[in-house]
Each structure stands twice: as C-alpha cells, then as structure tokens.
Amino acid sequence: MISANLAAIFYLVSGILFILALRGLSSPDTSRQGNYFGIAGMIIAIVVTFLSIGNFSTSLVYVVIFLVIGGAIGAFIAFKIPMTAMPELVAGFHSLVGLAAVFVAIAAFLNPAAFNLGNVGDIKLASLIEMSIGAAVGAITFSGSIIAFLKLRGIMSGAPITFSGQHILNLILGIGIFVLIFYLCKTQSTNIFWTVIVISFLVGILLIIPIGGADMPVVISMLNSYSGWAAAGIGFTLENTALIITGALVGSSGAILSYIMCKAMNRSFVSVILGGFGADNSTEDKKDKKDQKPVKSGNAEDAAFLMKNASSVIIVPGYGMAVAQAQHALREMVDKLKKNDIKVTYAIHPVAGRMPGHMNVLLAEANVPYDEVFELEDINNDFANSDVAFVIGANDVTNPVAKTDPKSPIFGMPVLDVEKCKSVLFVKRSLSPGYAGIDNELFYKDNTLMLFADAKKMTEDIVKNLD
Amino acid sequence: MEIDPFIFRLSIFILSIFIGYYVVWSVTPSLHTPLMSVTNAISSVIIVGAIIAALAGTSESIFNTSSIFGFIAIILAAINIFGGFLVTQRMLQMYKKKKDKKK
Numbered sequence: 001m002i003s004a005n006l007a008a009i010f011y012l013v014s015g016i017l018f019i020l021a022l023r024g025l026s027s028p029d030t031s032r033q034g035n036y037f038g039i040a041g042m043i044i045a046i047v048v049t050f051l052s053i054g055n056f057s058t059s060l061v062y063v064v065i066f067l068v069i070g071g072a073i074g075a076f077i078a079f080k081i082p083m084t085a086m087p088e089l090v091a092g093f094h095s096l097v098g099l100a101a102v103f104v105a106i107a108a109f110l111n112p113a114a115f116n117l118g119n120v121g122d123i124k125l126a127s128l129i130e131m132s133i134g135a136a137v138g139a140i141t142f143s144g145s146i147i148a149f150l151k152l153r154g155i156m157s158g159a160p161i162t163f164s165g166q167h168i169l170n171l172i173l174g175i176g177i178f179v180l181i182f183y184l185c186k187t188q189s190t191n192i193f194w195t196v197i198v199i200s201f202l203v204g205i206l207l208i209i210p211i212g213g214a215d216m217p218v219v220i221s222m223l224n225s226y227s228g229w230a231a232a233g234i235g236f237t238l239e240n241t242a243l244i245i246t247g248a249l250v251g252s253s254g255a256i257l258s259y260i261m262c263k264a265m266n267r268s269f270v271s272v273i274l275g276g277f278g279a280d281n282s283t284e285d286k287k288d289k290k291d292q293k294p295v296k297s298g299n300a301e302d303a304a305f306l307m308k309n310a311s312s313v314i315i316v317p318g319y320g321m322a323v324a325q326a327q328h329a330l331r332e333m334v335d336k337l338k339k340n341d342i343k344v345t346y347a348i349h350p351v352a353g354r355m356p357g358h359m360n361v362l363l364a365e366a367n368v369p370y371d372e373v374f375e376l377e378d379i380n381n382d383f384a385n386s387d388v389a390f391v392i393g394a395n396d397v398t399n400p401v402a403k404t405d406p407k408s409p410i411f412g413m414p415v416l417d418v419e420k421c422k423s424v425l426f427v428k429r430s431l432s433p434g435y436a437g438i439d440n441e442l443f444y445k446d447n448t449l450m451l452f453a454d455a456k457k458m459t460e461d462i463v464k465n466l467d
Numbered sequence: 001m002e003i004d005p006f007i008f009r010l011s012i013f014i015l016s017i018f019i020g021y022y023v024v025w026s027v028t029p030s031l032h033t034p035l036m037s038v039t040n041a042i043s044s045v046i047i048v049g050a051i052i053a054a055l056a057g058t059s060e061s062i063f064n065t066s067s068i069f070g071f072i073a074i075i076l077a078a079i080n081i082f083g084g085f086l087v088t089q090r091m092l093q094m095y096k097k098k099k100d101k102k103k
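These protein sequence lines are chains W and X, in that order.
For the first sequence, the residue numbers in this note's numbering are 1 to 467.
For the second sequence, the residue numbers in this note's numbering are 1 to 103.
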C-alpha cells in the first residue's frame, strides 16, 4: 500500500514516459526506444494502481486473469494482422478505448465510493460532469469507430449515407446531450445517465455514416483524437495525472493528424464532417468527353523498355498498390532497375493510403529503405528532371486538374507533378475515375502510357521483361 | 483562499495539450501510422480506472454490477495495450531491418 501522494508522483512519471514515447517517433532511429518508454510508462501505471489499492483479495486474481485474456487477444491480433489492414485495426482499437471509457464511467457512476467521488445519489458535482462527458465522448468514439471499421473493412459500403435533416438531427442530439447532463447534475438520476450514453452511441453512428471513403484518413485521425479526449475526461474523474496527460497528448495528436490530412486534400475540416464527398457525382458530359479523348496504352514490354533506358525513375504508389498486394513485386522491380544503375525514388502523397503514413509502412514492410521514400514537398521538384514516373495504384493525387481547373472538386489540393516527367507509366485496371469521382487528365497526356492491368500482375510482368 | 485541486488538474491538462502539439508536429510523416497505433496503446492507460472499479468488489461479492463493468473494461483495455504496443513494435522493426541490410 503506497500513499496517494506517492502514487500521484508515479503517475506523473508514467505520463512523462508517454511524452517521451511520442517524442521518439521524430525519427525511425529513436522510435523503438520511444516505444519501450511507452511500455515502461504503462507498466508503472498498472503496478502503481495495484499497490495504491492494496486490495490483494480474490478479486486480484480475477483482475490478472482478465488482464491476461485481453493481453493474449491483443498480442494475437498484433502478430496476425496484415499491414494493409492497419487502418481497420486502428479504427477497431479506437472503438475499444471508447467503450472502455464508457464502462469505467458507468462503474464510477454505480460505485462512486470506490473512486472517492461521493456516494450513490450524491456524487460530487464536478465528478459527475467529468464522468458524463467522458462517457459521452467515449460512446461517440466507440460507435463512430465501429462504423469506420465496417467501412474500411468493406463490410459496409464506403459511399456516404445522407438524408435530409441529418445535420439538424445531429445538432439537436448534441444539444440534447448537454441538456441531459445538466439535469443529471440536478437529479443524479441513473436513467438520465443511461440516456446520455445511448444518445451518444447514436450520435457516433450518425456522425460517421455520411463521410465518404475518400475522407477515411481524416475520420481515423479524428476518432483518434476523440479517444484521447474521452480518456482525459475519465482522467479528471479519477483525478489521475497519467490519464489526463495521455488524454491531452492523444487528443492533440489526433487533431493535428486530422489537420494534416485535411490540408493534403484541400478540404476544410467542417466539410469533411458534413460529409457527402466521394458520392457518385460524375456527370454524363464528363463521360462523353472521356470517350472522345485518345489514350495511349501499352504492355509490360513497353514499360520495361522505357524504364531500362531511363536514368531516373520515380515511383508513385497509392492505395491500389496495397489492395493488389503489389508492394513486394514492386520492390523486386526496383531492385532490378537499381542493378542497371537507374536512380529510383518513391514519392508519397500524404493521403496516399487509408490512414496517415500508411503507404510508408507498406513500403517498409516490402523492405524499401526509408531514405528512398520522400514526402510530397520534398520530391515534387524532381519530377521535371526525371525520365519515368511509375504511378501504381494512385490516381487523384496525381491529377493535374487540381492545379488548372478551379471548377474541379479537388482544385487546390496539393498534387504530385507527375506530368512533368518525360514519360509517365500509369498502372490502372481501367479508366474509371478515382475516389473523388473525377476524370484524371493525366490519362490523356501525350507522354502518358497507360498499362491496363492488375497492379501486381503488371509489375511481375515488367520484372520478367527487365531481364 | 485555497485553490481547488481541479484547477491544478486543468493546468496539467492544458500544458499537456501544448506539449502534445509540439511533440506531434516533430513526428516524421513516415511514422504517422505507428504514431496512431502507439497513441492508441497509451490511451489505454484508462485501464487504471478499470482496475480500481474491478477491485472495488467486496470479498463476498467480487462481481457486482459496478465491478463487472470494470472487469470488461480491463479486457478491452488490455487488448488495446498489448495489441497497440506490439503492432507498433512490429512496424518499427520493419523500419530497422532495411537499414541494417543496406549497411
């Protein structure tokens, strides 16, 4: 049994270790050390909690059993999950944090004495506000993440679901939550507490269903942020510094990532939340134009020939590469090119995957050295001096329309200047537009050679032709 | 006049938001996915609340309504802690392998 003051100091230490864990991620070299800091912080927090309660009865055995069960499930998932499924995994994990926050809040509401928050029906006012906010945000995180998970997993269509009066309904429910919390403070009624949680679950669902597949990177980051605020709310209730610090860190981390993602798509945060983007809004007249324009298409042999005679090649990977699992074949192709003394680099757009940094992880998995992988702003000037751009599975992020046509929905979005390359190889299954639902002008440029095939198969064929 | 302890917690909270702001901006974009998985893992420190709730049962009734919620929350948070840290480790390991191979 340790004193509350000593425990508080240990919680502070674990909070600091969590800060160092994030700090470590500023470079790949220090990142693993950072992760160990995070693990150490977590161990300290858990051990100190046991010591400060000092209740070593039979309950403790059950706590350990449940801890082990959860840990085993978590470890199993962590080792089994393919890297392409990271977005779903993270969405799923967010939902667990949200639900855990809800459950802790419920437990605190039902048994406030255990948390030193007063007695049933007479909970301290501040604690009541904190726990209901924590529970509400947790519930929104939970149901929102479940929807995001289902959309990313493809169980639910990525198309936005909208109906009239949606935003008004959300607004009313949002205000309703605050009104109910106000009455909860006055009456301490259990029923109102449950109602707050149920409405919050509903809000979470309503908030995410109108958001289209293309905006998923923003949604994941946003839910990341929510899970942090939920944790912070519970941290205030439990008067626990580790939880407050962590909640603030995670909350601001998610918010920054949402901001970066929005900026990379030139979309305002509000318009993402309001949703509806990524719906099938391509008009007939666009389709007519497409039919008229000539497209040059080639095969693996042409592509191999072009690349063999190049001195520098820039690879532009997108989510399509991940879906086709082409990253390993791509790596093989690059190895062959490098043997011929061709300079190869990778250009990654911030929203190239389904979550921030997703493409980098996929390339890392295929053993691509991270110093060959460049972000948009670092490599965009190099396209003009390169011979071949190899676009594989990316589409909207290369569309020059974003720079030229103010009427285009993606106008103003930073794009990769792929068209400035001497020649462009574009691996794609068909001429269909990307997530934004707009035609890519790049297809019809004179220096573009379309390679119509599955990304993986095409890459493998090119590898064969490089010999 | 005494300052309410809530104000101290609020100060910690606000200062941590600022720390988070500066620390996260210094994270390299190529590590944004591990950043999300590790923030996920550390936000599961909410398990401390779950443990308190779970241990609050008396020896006669280990499982009462409140402690059952605590026990379930322990499972959820534990999945997240182990899953989050291990998957982060797995990802970061891939960033290392390449470098060694290259040298």
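Among the hints, a few may not be true.
[As the list claims (entries may be wrong)] Below, simulated DSS-like cross-link-like pairs (lysine-lysine); rule was C-alpha separation at most 25 Å, straight line:
no. : chain 1 : residue 1 : chain 2 : residue 2
1   : W       : LYS403    : W       : LYS308
2   : X       : LYS96     : W       : LYS336
3   : W       : LYS124    : W       : LYS296
4   : X       : LYS96     : W       : LYS339
5   : W       : LYS445    : W       : LYS403
6   : W       : LYS338    : W       : LYS403
7   : W       : LYS343    : X       : LYS96
8   : W       : LYS343    : W       : LYS456
9   : W       : LYS338    : W       : LYS420
10  : W       : LYS308    : W       : LYS263
11  : X       : LYS96     : W       : LYS338
12  : W       : LYS296    : W       : LYS457
13  : W       : LYS124    : X       : LYS96
14  : W       : LYS422    : W       : LYS445
15  : W       : LYS186    : W       : LYS339
[As the list claims (entries may be wrong)] Each pair of labels, with its calculated beta carbon distance range:
no. : chain 1 : residue 1 : chain 2 : residue 2 : range
16  : X       : PHE8      : W       : ALA384    : 55 to 63 Å
17  : W       : ASN119    : X       : PHE63     : 20 to 28 Å
18  : X       : ILE3      : W       : GLU372    : 20 to 28 Å
19  : X       : PHE63     : W       : PHE79     : 27 to 35 Å
20  : W       : GLY118    : X       : GLU2      : 13 to 21 Å
These aren't lab readings, by the way, just hints derived from the structure by calculation.
Where is the CB? At the ideal position from N, CA and C, for every residue including glycine.
Cross-check of the supplied hints:
no.: 1; hint: W:LYS403 with W:LYS308; in the structure: 31 Å, violated
no.: 2; hint: X:LYS96 with W:LYS336; in the structure: 23 Å, holds
no.: 3; hint: W:LYS124 with W:LYS296; in the structure: 72 Å, violated
no.: 4; hint: X:LYS96 with W:LYS339; in the structure: 23 Å, holds
no.: 5; hint: W:LYS445 with W:LYS403; in the structure: 15 Å, holds
no.: 6; hint: W:LYS338 with W:LYS403; in the structure: 33 Å, violated
no.: 7; hint: W:LYS343 with X:LYS96; in the structure: 22 Å, holds
no.: 8; hint: W:LYS343 with W:LYS456; in the structure: 22 Å, holds
no.: 9; hint: W:LYS338 with W:LYS420; in the structure: 22 Å, holds
no.: 10; hint: W:LYS308 with W:LYS263; in the structure: 37 Å, violated
no.: 11; hint: X:LYS96 with W:LYS338; in the structure: 21 Å, holds
no.: 12; hint: W:LYS296 with W:LYS457; in the structure: 20 Å, holds
no.: 13; hint: W:LYS124 with X:LYS96; in the structure: 50 Å, violated
no.: 14; hint: W:LYS422 with W:LYS445; in the structure: 11 Å, holds
no.: 15; hint: W:LYS186 with W:LYS339; in the structure: 74 Å, violated
no.: 16; hint: X:PHE8 with W:ALA384: 55 to 63 Å; in the structure: 56 Å, holds
no.: 17; hint: W:ASN119 with X:PHE63: 20 to 28 Å; in the structure: 21 Å, holds
no.: 18; hint: X:ILE3 with W:GLU372: 20 to 28 Å; in the structure: 54 Å, violated
no.: 19; hint: X:PHE63 with W:PHE79: 27 to 35 Å; in the structure: 32 Å, holds
no.: 20; hint: W:GLY118 with X:GLU2: 13 to 21 Å; in the structure: 20 Å, holds
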